[in-house]
Amino acid sequence: MKRSKFIDNLFSRATLRGITAIVIFVLIWEFGARSEELTGWRMPFLGLVPAPSAVAASWAGLLGDPSYWQSWYMSFLRVFGGFTAAMLLGIPLGLFMAINKTFHGLYFPTFEIMRPIPPLAWVPASIIFWPTQELSIAFVTFLGAFYTIVLNVLGGAKSINKQYLQAAQSMGASQWDIFRRIVLPATLPSIVVGSAVGMGITWEVVVAAEMISGGGASGGAGGGLGFFIWSSYVGGSYEQIVVGMISIGIAGYFSSELLRQLGGFFTPWLKTR
Amino acid sequence: MSAVMDEKPVQQVTKGAIKIDDVVKIYDPDGAAVMAVDHCSIDIPAGEICMIVGPSGCGKTTLLNAIAGFHGITSGSIHLDGELLCGPGKPQAVPGSDRIVVFQNGALFPWKTNLENIAFGPMMAGKMSKAEIYDKARGMMADAGLSGTENNYPGEVSSGLRRRVEIVRALMNDPKVLLFDEPYRALDSLTKSVMHEALLEIYYRNKVTIFFITHDLEEAIFLGHRLIIMSSRPCKPKKIVEVDIPHPRDYSALTSTRFREIMQEAKGVVNEEAQKAFDAGEKEG
Numbered sequence: 009m010k011r012s013k014f015i016d017n018l019f020s021r022a023t024l025r026g027i028t029a030i031v032i033f034v035l036i037w038e039f040g041a042r043s044e045e046l047t048g049w050r051m052p053f054l055g056l057v058p059a060p061s062a063v064a065a066s067w068a069g070l071l072g073d074p075s076y077w078q079s080w081y082m083s084f085l086r087v088f089g090g091f092t093a094a095m096l097l098g099i100p101l102g103l104f105m106a107i108n109k110t111f112h113g114l115y116f117p118t119f120e121i122m123r124p125i126p127p128l129a130w131v132p133a134s135i136i137f138w139p140t141q142e143l144s145i146a147f148v149t150f151l152g153a154f155y156t157i158v159l160n161v162l163g164g165a166k167s168i169n170k171q172y173l174q175a176a177q178s179m180g181a182s183q184w185d186i187f188r189r190i191v192l193p194a195t196l197p198s199i200v201v202g203s204a205v206g207m208g209i210t211w212e213v214v215v216a217a218e219m220i221s222g223g224g225a226s227g228g229a230g231g232g233l234g235f236f237i238w239s240s241y242v243g244g245s246y247e248q249i250v251v252g253m254i255s256i257g258i259a260g261y262f263s264s265e266l267l268r269q270l271g272g273f274f275t276p277w278l279k280t281r
Numbered sequence: 007m008s009a010v011m012d013e014k015p016v017q018q019v020t021k022g023a024i025k026i027d028d029v030v031k032i033y034d035p036d037g038a039a040v041m042a043v044d045h046c047s048i049d050i051p052a053g054e055i056c057m058i059v060g061p062s063g064c065g066k067t068t069l070l071n072a073i074a075g076f077h078g079i080t081s082g083s084i085h086l087d088g089e090l091l092c093g094p095g096k097p098q099a100v101p102g103s104d105r106i107v108v109f110q111n112g113a114l115f116p117w118k119t120n121l122e123n124i125a126f127g128p129m130m131a132g133k134m135s136k137a138e139i140y141d142k143a144r145g146m147m148a149d150a151g152l153s154g155t156e157n158n159y160p161g162e163v164s165s166g167l168r169r170r171v172e173i174v175r176a177l178m179n180d181p182k183v184l185l186f187d188e189p190y191r192a193l194d195s196l197t198k199s200v201m202h203e204a205l206l207e208i209y210y211r212n213k214v215t216i217f218f219i220t221h222d223l224e225e226a227i228f229l230g231h232r233l234i235i236m237s238s239r240p241c242k243p244k245k246i247v248e249v250d251i252p253h254p255r256d257y258s259a260l261t262s263t264r265f266r267e268i269m270q271e272a273k274g275v276v277n278e279e280a281q282k283a284f285d286a287g288e289k290e291g
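For the record, the sequence lines run as chains A and B.
Quick note: the first sequence uses the working numbering, first residue 9, plus one each step.
Quick note: the second sequence uses the working numbering, first residue 7, plus one each step.
Just chain A, with the same shape it has in the complex (with noise of 0.2 Å):
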């Protein structure tokens, strides 16, 4: 049923409309591209770029390549690495700043403040706090996710319906059950919402970060995907960049699908509305 239903989809109208525009796209970036050896005119912006069939060639070698792989591993670490710690820290953050008063006055205050900045502007401190410069990557792609997801979670366990509070109050419900059975249930939707958005600041940070910080402890191969970028420009190798730029997007695809379903699973009241 539901493999049937993913072929069906497969086959619908908005995947045959994804596929026109893409290959329409392609087609425009190959023209442009090509424009000065094929008419002699060079297409402005376009004409500057590498051709999708030279990418593709170049992405076809670096398929083989080990360090290419490398070079998402990294990225992929240091994004779940950071992002998982930012859940981690920020739901119960969250939550807890929704339920108790006065941690919220004690803390609120600092937080809003530090929100604000940046997390790249926190890449030289983070360098000279944490020993490794792993841990200062992995730092800096936590608070991108971070303060996205304590928001979230604070504002969706503060927005619940007091009904609901109420009713299972009347029905007996401890402050545990309560917190458990009630305010976390209603909370989950917030939470998927704020980890989507997180997870998507988190690929930004994470390849700023790495080309900012460069190869990494163990030299180029473990600079990630925002390093394989900046030495491909460092090295002269246009069609890489754009290999480098299109897998950052197929990573962040991939990250946000793999949410979204996680999100669905947690949450299937949601799926019938």
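The set of hints was computed from the structure by calculation and includes no laboratory data.
For each residue, glycine too, the CB sits at the ideal point set by N, CA and C.
Hints may be right or wrong, so weigh each one.
Covered stretches of chain A, going by a simulated chain B footprint (3 or more residues, C-beta under 8 Å) [what the hints assert, rightly or not]:
(1) 176 to 184
(2) 193 to 203
Non-contacting residues of chain A with respect to chain B, defined by C-beta distances greater than 10 Å in every case (computed) [what the hints assert, rightly or not]:
(3) Ile27
(4) Val31
(5) Arg42
(6) Arg50
(7) Phe84
(8) Leu85
(9) Thr92
(10) Leu97
(11) Ala106
(12) Thr118
(13) Ser245
(14) Ile258
Ranges between beta-carbon positions, derived for each pair [said to hold, decoys possible]:
(15) A/Phe262 to B/Ser195: 50 to 58 Å
(16) A/Phe53 to B/Ser165: 51 to 59 Å
(17) B/Gln270 to A/Gln183: 48 to 56 Å
(18) A/Leu266 to B/Asn157: 23 to 31 Å
(19) B/His85 to A/His112: 33 to 41 Å
(20) A/Pro100 to B/Tyr33: 34 to 42 Å
(21) A/Phe262 to B/Val40: 56 to 64 Å
Since chain A is already given, all that's left is putting chain B on it; use the hints.
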């Protein structure tokens, strides 16, 4: 009157008598004392469907919340079967499963299926095994015409059905009193009349005391044994109307001569209070 009483299954009910005695509730937001309930006394015998009728914002819900234990009272007392819920030395009642509220907008937990919602109270009470609770829940759902929706989430069924699930969830706690806070307000009038009959049916099967807030006079007369018509803010009983139409009732009661006579009797008072509430609102604005 006595002939009517004899027909009522209500006679057998021995639990759920509410005595509201001289209750005052003053809200004090920012030092501006606002009196919501003004020396209000109502005596509700066990098993009665008591309709509290009054204009919007007159303080009816304040009274309901005081019985449920969601907030305290300033003075006076409320007893349930002779036991003090709140009063001198105990400003706020403790919420409990003997008094369950059916809320205006519904408070079914959207993340639980209908069956899980209905099982929630007994699960919290922990007096029965899970299997027993779910058996009982399925049985009560079947009685209320809810079979087949056990594994649906509340968001998947119609609003009328949701209300029914909520009433069954309340009844699962074996309450002495059901407190209704305008539960059918948002429903269209056709769904409403279906819900009224369904509620009466449930009532005839599970006799409990019903404290029902509404501003819909037709609803009040169709369902209630008695109407307590409240004055506009501060809220206080203005007139009590006995509805001597025999139970069990069905929709044909709506077109009976007696129904129209009672409507006539109640309408004048209700309109007067509504006009007062409206004028007061205009002055404030």
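Evaluated hints:
1. For the region 176 to 184 of chain A, the proposed coverage by chain B is satisfied: 7 residues have a C-beta within less than 8 Å of a C-beta in that chain, meeting the threshold of three.
2. For the region 193 to 203 of chain A, the proposed coverage by chain B is satisfied: 3 residues have a C-beta within less than 8 Å of a C-beta in that chain, meeting the threshold of three.
3. Non-interface call for A/Ile27 relative to chain B: holds, since the shortest CB-CB distance, roughly 33 Å, exceeds 10 Å.
4. With a cut of 10 Å on Cβ distances, A/Val31 stays outside the contact zone with chain B, its closest approach being about 39 Å.
5. Taking the minimum C-beta to C-beta distance to chain B, about 54 Å, the non-interface status of A/Arg42 holds against the 10 Å cut.
6. With a closest Cβ-Cβ approach of about 57 Å to chain B, A/Arg50 is found to remain outside the 10 Å limit, as its non-interface label requires.
7. Under the 10 Å C-beta cut-off, the non-interface status given to A/Phe84 relative to chain B holds; the minimum distance is some 31 Å.
8. With a closest Cβ-Cβ approach of about 33 Å to chain B, A/Leu85 is found to remain outside the 10 Å limit, as its non-interface label requires.
9. No beta-carbon of chain B comes within 10 Å of the beta-carbon of A/Thr92; the shortest separation is about 24 Å.
10. Residue-level check passed: A/Leu97 sits 24 Å from the nearest beta carbon of chain B, beyond 10 Å.
11. With a least CB separation of 17 Å from chain B, A/Ala106 remains clear of the 10 Å interface cut-off, as annotated.
12. With a least CB separation of 29 Å from chain B, A/Thr118 remains clear of the 10 Å interface cut-off, as annotated.
13. No beta-carbon of chain B is positioned within 10 Å of the beta-carbon of A/Ser245; the least distance is around 51 Å.
14. Remark: the non-interface label on A/Ile258 is consistent with the geometry, its nearest Cβ contact in chain B lying 33 Å away (cut-off 10 Å).
15. In this structure the supplied range 50 to 58 Å holds for A/Phe262 paired with B/Ser195, their Cβ-Cβ distance being about 52 Å.
16. About 55 Å separates the C-beta atoms of A/Phe53 and B/Ser165, a value consistent with the hinted range of 51 to 59 Å.
17. For B/Gln270 and A/Gln183, the Cβ-Cβ distance of about 51 Å falls inside the hinted range of 48 to 56 Å, so the restraint holds.
18. In this structure, A/Leu266 and B/Asn157 meet the distance hint of 23 to 31 Å, their C-beta atoms being roughly 27 Å apart.
19. Against the hinted window of 33 to 41 Å, the Cβ-Cβ separation of B/His85 and A/His112 comes to about 39 Å, which satisfies the hint.
20. For A/Pro100 and B/Tyr33, the Cβ-Cβ distance of about 35 Å falls inside the hinted range of 34 to 42 Å, so the restraint holds.
21. For A/Phe262 and B/Val40, the Cβ-Cβ distance of about 57 Å falls inside the hinted range of 56 to 64 Å, so the restraint holds.
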